[in-house]
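**Q** Letter by letter, the chains look like this.
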Amino acid sequence: MKRTLENIEEQFETFQILNEEGKIVNEDAMPDLSDEELKEMMYRMVYTRILDQRSIALNRQGRLGFYAPTAGQEASQLGTQFALEKEDFILPGYRDVPQLIWHGLPLYQAFLFSRGHYHGNQMPEGVNALSPQIIIGAQYTQAAGVALGMKKRGKKSVAITYTGDGGTSQGDFYEGINFAGAYQAPAIFVVQNNHFAISVPVEKQTAADTLAQKAVAAGIEGIQVDGMDVLAVYAATKDARDRAVNGEGPTLIETLTYRYGPHTMAGDDPTRYRTEDMDNEWEKKDPIVRFRKFLEEKGLWSEEEENEVIEKAKEEIKAAIKKTDEQPKQKVTDLIGNMYEELPAHLQEQMEEYKAKESK
Amino acid sequence: MAQMTMIQAITDALRVELKNDENVLVYGEDVGQNGGVFRATEGLQKEFGEDRVFDTPLAESAIAGISIGLATQGFRPVPEIQFFGFVYEAMDAINGQMARLRYRSGNTQTAPITIRSPFGGGVHTPELHADSLEGLIAQQPGMKVVIPSGPYDAKGLLIQSIRDNDPVVFLEHMKLYRSFREEVPEEDYTLELGKANVVREGNDVTLIAYGAMVHSSLKAAEELEKDGIDAEVIDLRTVMPVDFDTIIKSVEKTNRVVMVQEAQRQAGIASYVVSNVQERAILHLEAPILTVAAPDTVYAFTQAEEVWLPNYNDIIEKVNKVINF
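Protein chains in written order, with my numbering: chain P, 1 to 360; chain B, 1 to 325.
Here chain P stands alone, though its shape is the one from the complex (with noise of 0.2 angstroms):
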């Protein structure tokens, strides 16, 4: 179905199955997994929020460098990678490593990212995806052409992208969503909608009412999600992915969530641009919370096997921290060298000056 200029309120109305109290309201559109998958994903998103605990603790012990917190976001961001095959290829913007660990990249990497080792942004053979991009944007119009691509070869697979609501205003946002539109190219666009790009709030970044509707401009499909329900994040996935590996197109998902923490550990300060009440509110639908308690009520959950999942992260945590440090510091040699395939003249009397340097 191509979204239209009509009834917009209507169209892009919050797509939600679970609501906060942990409840099915939507029955129809419940997303066909087995039980073992929803265990899955409740583990997913108990692991991301130890991590970020971990992370932001780390961080502060000065163990950790750029750091971007994404407790609130984890079933905006597990939710659509769940979706995902093996063969999908996702380009994450800075807060997007989970979605990239959940994809095949090692934790001790992910943390080597985080301290700015180029060991980190090595995706393993078989793990499909770019680095996190630092730049608001840029990755949607890379997506647009990973998509192309895929397409060009006949392949069956995605390319998915993550910006934020500051996001949506860059040339770039509309640049990428418009060419894989035009070229009907398999992408998936997300919008994690968190509300506020650093201090600013989404109300000022727009005049629109939603961001999904911005699908209608570019003639591709587009949905407005509760983004702290994992359920509805992952139906919605789903169906852009069987949509576009059916020749069917792009889609644009805006997920609603909420970042809990600061936006990066360098020194932002949330509560001069939040107010508490607010945090509370977006605590209320938090999507472990409400997950939680609807796996309780089917039995296929309990306290003992959260505090399994959370001691097995803490271990897991502990393990790839010490791995990161055992890793070799990087070189001014390393960059030299990783430049060029061959080394120009003027980089190989660079590269001579810095060994000398560096032996010393």
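Derived from the structure by calculation, the hints contain no laboratory data. It cannot be assumed that every hint is accurate.
To be verified - Quick look at which bits of chain P chain B covers, simulated, 3 or more residues with Cβ under 8 angstroms: (1) 111-122; (2) 140-147; (3) 170-177; (4) 337-346.
As the list claims (entries may be wrong) - On the chain B side, residues computed to face chain P include the following (Cβ under 10 angstroms): (5) L44; (6) K46; (7) A59; (8) P77; (9) A93; (10) N107; (11) Y189; (12) T190.
On a predicted model such as this, the values are computed, not experimentally measured, just so you know. Even for Gly, the Cβ is constructed at its ideal location relative to N, Cα and C.
Given chain P's structure and the hints, the job is docking chain B onto it.
**A** Only chain B this time, still in chain P's reference frame:
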């Protein structure tokens, strides 16, 4: 061998590589059906199909951005930026993104992309169509910048650029597109990137130039010969990386240098070349190195452009200064 204009040699190079490598894709605004606004891609869509030679929506940032995405799928993109003055729209996608892909991925991903684009003054274009912006790209580590001075070089350098596994910006001076013909082999051949070409040998002074200024330098050299001054002319061919070996060898022989560029004087290629020459060969110099360049204003579209653009008289003037120093 055939007599070709530079635009024909460029089309020929694209045809050769489209034939040689099924991963080569050619695209941009008006590139498909229309064959490009300068006809650089004339007939290519008909010959190779819409899957490989295609029109894009009008957005430079995405033209550059999709190239990175296509590269992840094993393609070898050859996008066109319709006029290089439009490159500002694509600066993040080029300098911020494709230049860094190899480094950022720890050498596991590459961007074997060749961005072709017309540039250069003297053809009475509107604003932001003629500017020499090679310095913007040359300043970005990870990029290569190639500027041919004629049909033979254009074909060999373009084929080599497309085969290069790092991103290349290939700039085509509009004034050279159809100004003269040259013998161009019909088979494929390559010219190494990062190698300069001594286009005229001489003993008294070295003129270093690239693009259209190679021809202004050659004309100046002819005039200077009448006064008994024997100028050597070096065509850089590649402004990043620069072939300092060839330059220094020449300087050691002539002991005098005039650097010539069409771009404005501030920052830029000339500054980079001159600083390197004085660092590497100051004891061989008998005079300061002088630079011929455009004034530090925005490009003077149409009305004042004949005076604004450096010409062979400007070069002769500077040569006389270094000779008589």
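**Q** Taking the hints in turn, state whether each one holds.
**A** Structure-based check of all given hints:
no.: 1; hint: 111-122; verdict: holds (count 4)
no.: 2; hint: 140-147; verdict: holds (count 8)
no.: 3; hint: 170-177; verdict: holds (count 4)
no.: 4; hint: 337-346; verdict: holds (count 8)
no.: 5; hint: L44; verdict: violated (17 angstroms)
no.: 6; hint: K46; verdict: violated (19 angstroms)
no.: 7; hint: A59; verdict: holds (4 angstroms)
no.: 8; hint: P77; verdict: holds (8 angstroms)
no.: 9; hint: A93; verdict: holds (6 angstroms)
no.: 10; hint: N107; verdict: holds (5 angstroms)
no.: 11; hint: Y189; verdict: violated (20 angstroms)
no.: 12; hint: T190; verdict: violated (14 angstroms)
When held up to the earlier numbered hints, the structure conflicts with 5, 6, 11 and 12 and fits the remainder.
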